[in-house]
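Participant: Please take these sequences and the hints and turn them into a complete structure.
Listed below are the residues making up each chain.
Number of protein chains: 2
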Amino acid sequence: MRASSHARDRLGDMNHLSIDFNLAVDQHLKSAGLSKADYERLSPQLQQAHEVLTSKRKAGKMAFMDLPKQQTVLQETISVAKKLSGTFENLVILGIGGSSLGPKALFTALCHPFHNFLRPPQQKGMRLFFPDNSDPSTFAGLMGTLGLERTAFAAITKSGGTAETWAQLLWVVDRLGKDAARRQLVALTDPEKGSLRATARAEGWQALEIPPAVGGRFSVFSPVGLLPAAAAGIDIAELLNGAQSMVERCEKGNIFENPAYMLATTLYLFDTYKKRSTHVLMPYADALRETGDWFVQLWAESLGKKKGDGFVGPTPLRAVGATDQHSLLQLLMEGPEDKLTLFIAVDEPREDLKIPEGVFDLSDVSYLGGHGFHELLSAERQATATALAAQGRPSLCIRMPSLRPFAMGELLMLWQIATAYAGFLYEIEPFDQPGVEAGKRYTCCLLGRPGYESAQQDIQTYKATNKAWIF
Amino acid sequence: MRASSHARDRLGDMNHLSIDFNLAVDQHLKSAGLSKADYERLSPQLQQAHEVLTSKRKAGKMAFMDLPKQQTVLQETISVAKKLSGTFENLVILGIGGSSLGPKALFTALCHPFHNFLRPPQQKGMRLFFPDNSDPSTFAGLMGTLGLERTAFAAITKSGGTAETWAQLLWVVDRLGKDAARRQLVALTDPEKGSLRATARAEGWQALEIPPAVGGRFSVFSPVGLLPAAAAGIDIAELLNGAQSMVERCEKGNIFENPAYMLATTLYLFDTYKKRSTHVLMPYADALRETGDWFVQLWAESLGKKKGDGFVGPTPLRAVGATDQHSLLQLLMEGPEDKLTLFIAVDEPREDLKIPEGVFDLSDVSYLGGHGFHELLSAERQATATALAAQGRPSLCIRMPSLRPFAMGELLMLWQIATAYAGFLYEIEPFDQPGVEAGKRYTCCLLGRPGYESAQQDIQTYKATNKAWIF
Numbered sequence: 001m002r003a004s005s006h007a008r009d010r011l012g013d014m015n016h017l018s019i020d021f022n023l024a025v026d027q028h029l030k031s032a033g034l035s036k037a038d039y040e041r042l043s044p045q046l047q048q049a050h051e052v053l054t055s056k057r058k059a060g061k062m063a064f065m066d067l068p069k070q071q072t073v074l075q076e077t078i079s080v081a082k083k084l085s086g087t088f089e090n091l092v093i094l095g096i097g098g099s100s101l102g103p104k105a106l107f108t109a110l111c112h113p114f115h116n117f118l119r120p121p122q123q124k125g126m127r128l129f130f131p132d133n134s135d136p137s138t139f140a141g142l143m144g145t146l147g148l149e150r151t152a153f154a155a156i157t158k159s160g161g162t163a164e165t166w167a168q169l170l171w172v173v174d175r176l177g178k179d180a181a182r183r184q185l186v187a188l189t190d191p192e193k194g195s196l197r198a199t200a201r202a203e204g205w206q207a208l209e210i211p212p213a214v215g216g217r218f219s220v221f222s223p224v225g226l227l228p229a230a231a232a233g234i235d236i237a238e239l240l241n242g243a244q245s246m247v248e249r250c251e252k253g254n255i256f257e258n259p260a261y262m263l264a265t266t267l268y269l270f271d272t273y274k275k276r277s278t279h280v281l282m283p284y285a286d287a288l289r290e291t292g293d294w295f296v297q298l299w300a301e302s303l304g305k306k307k308g309d310g311f312v313g314p315t316p317l318r319a320v321g322a323t324d325q326h327s328l329l330q331l332l333m334e335g336p337e338d339k340l341t342l343f344i345a346v347d348e349p350r351e352d353l354k355i356p357e358g359v360f361d362l363s364d365v366s367y368l369g370g371h372g373f374h375e376l377l378s379a380e381r382q383a384t385a386t387a388l389a390a391q392g393r394p395s396l397c398i399r400m401p402s403l404r405p406f407a408m409g410e411l412l413m414l415w416q417i418a419t420a421y422a423g424f425l426y427e428i429e430p431f432d433q434p435g436v437e438a439g440k441r442y443t444c445c446l447l448g449r450p451g452y453e454s455a456q457q458d459i460q461t462y463k464a465t466n467k468a469w470i471f
Numbered sequence: 472m473r474a475s476s477h478a479r480d481r482l483g484d485m486n487h488l489s490i491d492f493n494l495a496v497d498q499h500l501k502s503a504g505l506s507k508a509d510y511e512r513l514s515p516q517l518q519q520a521h522e523v524l525t526s527k528r529k530a531g532k533m534a535f536m537d538l539p540k541q542q543t544v545l546q547e548t549i550s551v552a553k554k555l556s557g558t559f560e561n562l563v564i565l566g567i568g569g570s571s572l573g574p575k576a577l578f579t580a581l582c583h584p585f586h587n588f589l590r591p592p593q594q595k596g597m598r599l600f601f602p603d604n605s606d607p608s609t610f611a612g613l614m615g616t617l618g619l620e621r622t623a624f625a626a627i628t629k630s631g632g633t634a635e636t637w638a639q640l641l642w643v644v645d646r647l648g649k650d651a652a653r654r655q656l657v658a659l660t661d662p663e664k665g666s667l668r669a670t671a672r673a674e675g676w677q678a679l680e681i682p683p684a685v686g687g688r689f690s691v692f693s694p695v696g697l698l699p700a701a702a703a704g705i706d707i708a709e710l711l712n713g714a715q716s717m718v719e720r721c722e723k724g725n726i727f728e729n730p731a732y733m734l735a736t737t738l739y740l741f742d743t744y745k746k747r748s749t750h751v752l753m754p755y756a757d758a759l760r761e762t763g764d765w766f767v768q769l770w771a772e773s774l775g776k777k778k779g780d781g782f783v784g785p786t787p788l789r790a791v792g793a794t795d796q797h798s799l800l801q802l803l804m805e806g807p808e809d810k811l812t813l814f815i816a817v818d819e820p821r822e823d824l825k826i827p828e829g830v831f832d833l834s835d836v837s838y839l840g841g842h843g844f845h846e847l848l849s850a851e852r853q854a855t856a857t858a859l860a861a862q863g864r865p866s867l868c869i870r871m872p873s874l875r876p877f878a879m880g881e882l883l884m885l886w887q888i889a890t891a892y893a894g895f896l897y898e899i900e901p902f903d904q905p906g907v908e909a910g911k912r913y914t915c916c917l918l919g920r921p922g923y924e925s926a927q928q929d930i931q932t933y934k935a936t937n938k939a940w941i942f
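The listed protein sequences correspond, in order, to chains A and B.
Counting from 1, position 324 in the first sequence corresponds to residue 324 in my numbering; the numbering is continuous, with no gaps.
Counting from 1, position 209 in the second sequence corresponds to residue 680 in my numbering; the numbering is continuous, with no gaps.
Read the hints as simulated data drawn from the structure, not as lab findings.
Remember, predicted model here, so these are calculated numbers, not experimental data.
Incorrect hints may appear among the rest.
Unchecked claim - The calculated lysine-lysine pairs, modelled on DSS-like cross-linking and capped at a C-alpha distance of 27 Å, are: (1) B:501 with A:463; (2) A:306 with B:501; (3) A:307 with B:746; (4) B:664 with B:554; (5) B:934 with A:440; (6) B:934 with A:36; (7) A:463 with B:825.
What the hints assert, rightly or not - Partial pick of chain A residues on the chain B-facing surface, computed with a CB cut under 10 Å: (8) 20; (9) 75; (10) 376; (11) 380.
All C-beta atoms in this analysis are idealised placements derived from N, C-alpha and C, irrespective of residue type, glycine included.
Facilitator: Structure representation (structure tokens):
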């Protein structure tokens, strides 16, 4: 399964992810599509973005691209996962945002769709739960449902100080007691900094490292994604091979030889030249539903930025086909021309069923008989793409050969490189998130954290309500 | 719990849903907010929209507003639900779009967050499953996980001919055999028309009616929503009381006395006057996650329409607080000024937990100790609203007293009335979805359904791919 990616036949190689831009360009879409000239006009910026990326990478600031080759981390992660899964039935992820979305995407894509309902031997690996919120109903409900003695916890926070994660962690340690915590807890955090690292050391907790130069939303190939995946029984070595294969395919400067650059440039051009600022990711696979949420964070938090006196950033929207043909499609077809649809097709389903023939004789139903469910799903995707194109509405299609770990590695690495590259096209910093700090300050103030008193004034200002505007 | 809604004290009545528009108007938001004059300038259209709605209602075309009072339907639904839940453990909903989103929203909001994992007596009511896609992995996985003999099926399609639903239904009937199907199947469809009704009659299946004048996305208070909810143990009489209470509050023509009209007008004004066309629904409650999906369908499919030579319709975006503070918030705070955030606050959580004090002595964590999880969640919502407002970014907040059925009835009816009203402000037909027909035609053609051969030409046109655009 190891990739020999550079010399592949673009259409012929069925073992690798590919992207089809045909329904996004002018050959089919006329003036609604992009032309080769649109891309070429951008050459200077594209060249510059590649140079910035390359020098950043050399300087160690694109560390997420180096994660797939870290064999020591891989072995260490597998070893912790084995220890946990040999002892416990459940793994609860105490993490939020980038500490939850990556492992959740992997779990949903690569495990059985009802994994948590299965029993051994059908169920290979631990059951995973992601209470990624400070909602007490969820957390109390989960803690009341699982047997705590059969449950391990992975506390994940890069900074080491995330409020939602600590609220849960404090509750868990208090409930388990500190001795049991040493057996049932793993901490994933910065190797040196922060309260979680300090506590893990002081308490003697098991711990894994999130590399300092890897931000939360780029951490899926660090232990953040790998530990839960391995615990659930996913082949994380294959996953990393897929990711590495994509890294190698994306090392060329010419966008026409680089799928991540091509993807990023296309989305950037639609946003800035064509005013199609809403990017709808619509996989035709339930298993990729959570990958949609992962994409939303990656795209929104990386690219939604203040830039000089203005504000930039496309709006990501998550959909699932064929389900959302019965929800969003009307808006995509006949609403404002401000959207670009990004299909994901999976060539080989994990399992298929045949629609039986001759059960009933019904004029508007019988045509379904004899086809496979997967055939129906694929026809629906092709039909939707055709319908959009016939209305002059662009789309592109990411094709995955299967929902194997290798293909997921390719997909998630593709988007991460594309995001970094897009950041430099937008001329913003894709790796920070300064806009979320204000909210954190107000939360601290509201909860009486010393040193945050000055936030009180704004809170009071906007708290003052006029009853006339309450209904 | 019965509502006496008209004479309520707006701020004082804690038993009812309310909407706070303070952070959407100019008093706090200055020029970024709406002024009373903005609303007043729209008076003629508002008056007209109310008149259209009122006459449509008299003509029986707003039938969704009359659903809460249908006592016979309520009793019949409860009786079918009792029969099912007395015999079977699982209820699988064979339905997609409007036939799934409503019951899924109710189930997620009103049952235990891990309902399907519980066992009696903790678990009151049937387990519900929603394989609302033609994805074979999901359906095969589900069918392999549940014991078919312990499972009932509700086949739901208004038209009676939905492809995805029939694919599953044919598989189920073929697998169960026609005798067992009579015991294990319930059909929910039009009282007269369509293949599902005809088949239910011919086969002697149990059946309930979806009123002809009620469209899929407005059907949550018909048996479409009620049967699964009742089967799962939800008090659907209380749900309907809440819905009816909202109907009564929304009968006045003056928007300043009508929460649904006020909500619709505010969103319409932000879209058309302020270019804030993306409407982000962000409940601070995991239980309302699926209500977000229900809202997306309702808002997108009703309002995304061709209008003359142009195209209108806001873009709904679903989020969950506090989770998406770690995902979308950066874009909301510092991205383009094209969004309006609609918070939902729940005053009383179903369950709460306390963050323990004194577990560790950590300078950046200890402030959390002693607070409740719900207090943290509420502080985060208030902090986020404050942070947005301080950046001149508008929001509004829908407050629900609790996640009881009554409050859900209010919430879902509020949005349905608001949607109908907004349709008339946009001067489009909110009850149809003409844009999805083309895709259905292409699907039929691709699967060889007789009579659909003419769609072949478009399919061929857009299938022709240029290898140069595949990466």
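Participant: Give a verdict on every hint.
Facilitator: Verification of the hints:
Restraint check for residue 501 of chain B and residue 463 of chain A: satisfied, since their Cα atoms lie roughly 15 Å apart, inside the 27 Å limit. The straight-line distance between the Cα atoms of residue 306 of chain A and residue 501 of chain B is roughly 21 Å, inside the 27 Å bound, and the hint therefore holds. Between residue 307 of chain A and residue 746 of chain B the CA atoms are separated by roughly 19 Å; this keeps the pair inside 27 Å, and the hint holds. Of the supplied pair hints, the one linking residue 664 of chain B and residue 554 of chain B holds, its CA atoms being roughly 26 Å apart against a limit of 27 Å.
Annotation: proposed proximity of residue 934 of chain B to residue 440 of chain A is violated, straight-line Cα distance about 50 Å (limit 27 Å). Between residue 934 of chain B and residue 36 of chain A the CA atoms are separated by roughly 20 Å; this keeps the pair inside 27 Å, and the hint holds. The straight-line distance between the Cα atoms of residue 463 of chain A and residue 825 of chain B is roughly 25 Å, inside the 27 Å bound, and the hint therefore holds. Annotation: interface hint on residue 20 of chain A holds; nearest CB of chain B at approximately 5 Å, less than 10 Å.
Evaluation of the residue 75 of chain A hint against chain B yields a violated restraint, the C-beta minimum of about 30 Å exceeding 10 Å. Annotation: interface hint on residue 376 of chain A holds; nearest CB of chain B at approximately 5 Å, less than 10 Å. Because the closest C-beta pair between residue 380 of chain A and chain B is about 5 Å apart, less than 10 Å, the hint holds.
Consistency with the previously given hints fails for numbers 5 and 9, ordered from lowest to highest.
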